[in-house]
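Starting from the given sequences, assemble the full structure and let the hints guide the process.
Here the sequence shown stands for residues 362 to 1307, numbered as in the working numbering.
It is worth saying that the hints were derived from the structure and are not from the lab. There may be inaccurate statements among the hints.
When the alpha-carbon atoms are kept at most 25 Å apart in a straight line, the in silico PhoX-like pairs for lysine-lysine are as follows [said to hold, decoys possible]:
no.: 1; residue 1: K1072; residue 2: K1263
no.: 2; residue 1: K613; residue 2: K437
no.: 3; residue 1: K1122; residue 2: K1194
no.: 4; residue 1: K1305; residue 2: K1293
no.: 5; residue 1: K932; residue 2: K603
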Amino acid sequence: MKGLTCFLLCFLLLEAQGFEIPTNGLSEFAEYGDLAELAPGKFHVVPENRRSQRSASGESGEMMEDVDQVTLYSYKVQSTITSRMANTVIQTKVVNHSPEPQDVVFDIQIPKGAFISNFSMTVDGTKFTSSIKEKTVGRALYWQARAKGKTAGLVRSRALDMENFKTEVNIAPGAKVQFELHYQEVKWRNLGSYEHRIHLQPGRLAKHLEVDVQIIEPQGLRFLHVLDTFDGHFDGVPVVVKGQQKAHVAFKPTVAQQRKCPSCSETAVDGELVVMYDVDREQKAGELQLFNGYFVHFFAPESMDPIPKNILFVIDVSGSMWGIKMKQTVEAMKTILDDLRAEDQFSLVDFNHNIRTWRNDLVSATKTQVADAKTYIEKIQPSGGTNINEALLRAIFILNEANNLGLLDPSSVSLIILVSDGDPTVGELQLSKIQKNVKQNIQDNVSLFSLGIGFDVDYDFLKRLSNDNRGMAQRIYGNQDTASQLKKFYNQVSTPLLRNVQFNYPQASVTDVTQNSFPNYFGGSEIVVAGKFNPEKLEQLQGIITATSANTELVLETLAEMDGLEAFLAKDRHADPDFTKKLWAYLTINQLLDERSRAPSAAVKKKITKTILQMSLDHHIVTPLTAMVVENEAGDERMLADAPPQDQSCCSGTLNYGRKVAPNSLPPWVNPLPTPRVPLPAVGPSVIEATPPPHVMRVENDPHFIIYLPKSQQNICFNIDSEPGKILNLVSDPESGIVVNGQLISAKKLKDGKLSTYFGKIGFYFQHEDVKIEVSTETISLSRGSRVSVLSWSDSALILNQRVHISVKKEKAVTVTLDQEVSFSVLLHRVWKKHPINVDFLGIYIPPTTKFSPRAHGLIGQFMHEPEIRIFNERPGKDPEKPEASMEVKGQTLVVTRGLQKDYRTDSVFGTDVPCWFVHNSGKGFIDGHYKDYLVPLLYSFLKRP
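What follows is the structure, encoded as structure tokens:
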């Protein structure tokens, strides 16, 4: 969501555990003062299940309850917006009153696309400052002097297109730590206003909690108000002072006001502070501002008649849209159809593995046609796969044919709005080919807008698809109101006021011009153009805008005078004198990143990369090509914060997987058609959250083992037929101190005379770290010593220990990594709750590694040291589709059968077929001994070998 400012501060203290768990939860300002000393002895260690009744005095004589061992002394946010350029600073101060060292986590959510410009912290008197380096240089510096007991990093978050900046420090008893983060972003106008959102989640009572928002708009403020987002709890607390061109919003609740109730120790500060405003446009449609060698041109005309539109709605009705997604999409579409004007033309394309059209031609939006379209939508029943390529080509064909036959109003605008929740599974599967097909067939006067629904959608693909074709993309999530979000997105893109908007400036005086928008202007939004100019060559800069409205060709002139703006800004100490420079850099880098993601060749991409890198270093901002190095004054302790990877591009070697629908994996209302089988490409090992390695050792339902042998390049499969409740050892390495065990659960009832079993719990024990991890279908629990913490699958988190890293991907997977060398991935499989037989279960994936000791064993661990095998004498089997062969292994000759097993990492519902040689009788002859030899008494027991 553009223009969304959101911060999350979470201090999660697992006392002596050594864990960091981020949850989905100033240049220095002199008036804030120094961190005050609190009276000693006011805090003490208490058991985790009890709360201390001791208290320390708070401000104004209020009492602050000692909930834990670390005090959040202050939580302060300072935002300054100068002509839509927002600079935000978050500062926190913390004191450790525990007699033991504590881990403190500073976790801030920032909008995806915002640029971090500075970070510093002071740990018990030692100051750490930041510098921006080219990514490889930054990593090299980091490895030279890694900080002990401290980490920092940027990670991608699924929540509202946010990213997290977080750092962890281990502080000594009595120590103080201060964090300070700076970042910048542009406020984009949406539906007639700008929104500045500050997500406040301190997690506890703060002795000093302050939020200050300064807004300076030379164009003048038309309105400004603060929304009530706390259900009236803070009525009267936000203080708003608004002038003609400036405004100040202050939110400073006392400790008493922060409490959920007068006797509560929990904070009510858990939500968003939202400031909404717009600028004055009564005098002119455009505003041209010049300052310090840069210019910014804002353009947002009002009071114009909308241009007629030709709109094709392309709606995904595949099986994955079943349920609340489809219901809310239908409700939103009915409202959207009611908003069509009589002069608009429209039609509907709905698709799964097949493509259907409500009308093969565009029709006028009469009441009769709209009512008929709503009836059609209400009867949609989701089922089957997803054929995005053919659906888009059908919509493009309808528009192209109407245009070629002269059926479109010459003054109209043509739009395609794609609504989908998944990747293609039928027809053309290669994303780059789909992009190419759309680009080759769509006409230059058509804009493609995409709305991705849910966590699984490939949003980067939708962005590239829309950006390629004069549109934009937006994502909404399954935990949000799909109907209202879809309606809001439609309102944003469906009110065209101007076509063919072009900006012209004196070429001799202006360079490096960049803009944020498309050839068409939509009501309630804003086009922003920025560039450099030479003040020696002109006293005034003239911007001439040409465009086509509903009725006529327009020529709009905008003049700017430097002296007036300079004098205005000089009077305000909060105004940012570099706002034009920052806004130009922000627009330019974002435009270059977009061009880089769509670069047609490696050479072009390299040239764009060089420009982005230089601008990132010049303007001191973290981008996907740079890293922030945080170090102390001596330079012997360093932390590193990388930007999350940029969207995958043409030249990055992206792998695209085909998918095959798995029978009986969905409720009976889903009737998918099979897709062509695509071979799984081979790549080197990587983390499961990126492109997963195709060759891993894995265990899936009932439980099916797939063992990949790298030297032989063969997948060998076997099943284990054991009883519910039994615990099987998967990996046992007493020398390395690593145990992985799985406990079996059963299906609800027999099927074909057999009771299927699955893994319902996976246990990891890292003995040398005293860390235990239990993953079940309900929760993920972490323990170190006597301390236990529990996460839900509805959380997303990154947990860091000295050697053990745990990544939780909401409702998807848990990845456990040891020393960044040995990794385990556990996938969650949810099934239809009313399924008469199946239950939720877990699958585990372990890439082959040489990091285990020679003593490693277990059903999977024994194959970390690959046995020699020879497969020969392939011949027809009893089933013509399953040939047989002989396999020599461990001095025995076994009869094996060729078959298919499922890999669910790239598609958690349908899975990808993996060919393998199947060993019968619970792997007898392939595994050492009998499968019962691998039964262990407890979830964290080492295997006792005979």
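Hint by hint, here is what the structure shows:
{"no.": "1", "hint": "K1072 x K1263", "verdict": "holds (22 Å)"}
{"no.": "2", "hint": "K613 x K437", "verdict": "holds (9 Å)"}
{"no.": "3", "hint": "K1122 x K1194", "verdict": "holds (19 Å)"}
{"no.": "4", "hint": "K1305 x K1293", "verdict": "holds (12 Å)"}
{"no.": "5", "hint": "K932 x K603", "verdict": "holds (16 Å)"}
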